[in-house]
Amino acid sequence: DVKVTQSSRYLVKRTGEKVFLECVQDMDHENMFWYRQDPGLGLRLIYFSYDVKMKEKGDIPEGYSVSREKKERFSLILESASTNQTSMYLCASRMEDRVNQPQHFGDGTRLSIL
Amino acid sequence: AQKITQTQPGMFVQEKEAVTLDCTYDTSDQSYGLFWYKQPSSGEMIFLIYQGSYDEQNATEGRYSLNFQKARKSANLVISASQLGDSAMYFCAMREVSGGYQKVTFGTGTKLQVIP
Numbered sequence: 415d416v417k418v419t420q421s422s423r424y425l426v427k428r429t430g431e432k433v434f435l436e437c438v439q440d441m442d443h444e445n446m447f448w449y450r451q452d453p454g455l456g457l458r459l460i461y462f463s464y465d466v467k468m469k470e471k472g473d474i475p476e477g478y479s480v481s482r483e484k485k486e487r488f489s490l491i492l493e494s495a496s497t498n499q500t501s502m503y504l505c506a507s508r509m510e511d512r513v514n515q516p517q518h519f520g521d522g523t524r525l526s527i528l
Numbered sequence: 437a438q439k440i441t442q443t444q445p446g447m448f449v450q451e452k453e454a455v456t457l458d459c460t461y462d463t464s465d466q467s468y469g470l471f472w473y474k475q476p477s478s479g480e481m482i483f484l485i486y487q488g489s490y491d492e493q494n495a496t497e498g499r500y501s502l503n504f505q506k507a508r509k510s511a512n513l514v515i516s517a518s519q520l521g522d523s524a525m526y527f528c529a530m531r532e533v534s535g536g537y538q539k540v541t542f543g544t545g546t547k548l549q550v551i552p
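First to last, the protein sequences are chains A and B. Numbering follows the working numbering, in which position 45 of the first sequence is assigned residue number 459; successive positions increment by one, without gaps. Numbering follows the working numbering, in which position 110 of the second sequence is assigned residue number 546; successive positions increment by one, without gaps.
These are computed hints drawn from the structure, not numbers from a lab. Any given hint could be a false lead.
Unchecked claim - Derived DSS-like pairs: lysine-lysine, alpha-carbon spacing no greater than 27 Å straight-line:
(1) A:432 with A:467
(2) B:506 with B:547
(3) B:509 with A:471
(4) B:539 with A:484
(5) A:471 with B:439
(6) A:467 with B:539
(7) A:485 with B:539
(8) A:485 with A:471
(9) B:506 with A:469
(10) B:539 with A:417
Please read these numbers as outputs of a predicted model, since none were measured by experiment.
Given these sequences and hints, build the entire structure.
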């Protein structure tokens, strides 16, 4: 079974802090994704990566950056956290070369910015 | 513009009845894929069913089937014989090629409640 592990289930940080959310997958998947989930808005794509050191902006990249130095790890960075970034963050991974492959998700990180 | 539209924020269904959850999508690609996921209150995302744009048959997985109408750009999920454990959020998602890379976007979800 594919395992996608997010480093924290719950996280509380202060406005202006630099915040790192870590995600590790164990199935050698090429594609990795970061979403945020808010009530009534569903899952919105922040960034995705299709290979090591490669990244693409999703639909809401403002205020975020990402890092993918190793294939198994995809980090989401909040450069200067703000209260409107309080949300549930979900990481996912997916095999690139099979079109019918679903994404595999981590358990999510519920981030509160005070 | 929304790529994936789920117009039903919430729905109720009687146990053992069938229910249809709506999903429409917008893409200019010829090759794309559509997925449905279930998210129980515990929070994990569970993959349910997949439909490829070139698949001629509607996808089925146990009690789940996908009513795919390509000309209408709709991919509705049908759950037959609803069970109490089906109470959850349901998300429709689309995989398409964006800038040469495979991107997956989600709808806003439908909260399904199964009534005993």
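To see whether the hints hold, each was checked on the structure:
{"no.": "1", "hint": "A:432 with A:467", "in the structure": "holds, 21 Å"}
{"no.": "2", "hint": "B:506 with B:547", "in the structure": "holds, 25 Å"}
{"no.": "3", "hint": "B:509 with A:471", "in the structure": "holds, 26 Å"}
{"no.": "4", "hint": "B:539 with A:484", "in the structure": "holds, 20 Å"}
{"no.": "5", "hint": "A:471 with B:439", "in the structure": "holds, 16 Å"}
{"no.": "6", "hint": "A:467 with B:539", "in the structure": "holds, 17 Å"}
{"no.": "7", "hint": "A:485 with B:539", "in the structure": "holds, 18 Å"}
{"no.": "8", "hint": "A:485 with A:471", "in the structure": "holds, 18 Å"}
{"no.": "9", "hint": "B:506 with A:469", "in the structure": "violated, 31 Å"}
{"no.": "10", "hint": "B:539 with A:417", "in the structure": "holds, 21 Å"}
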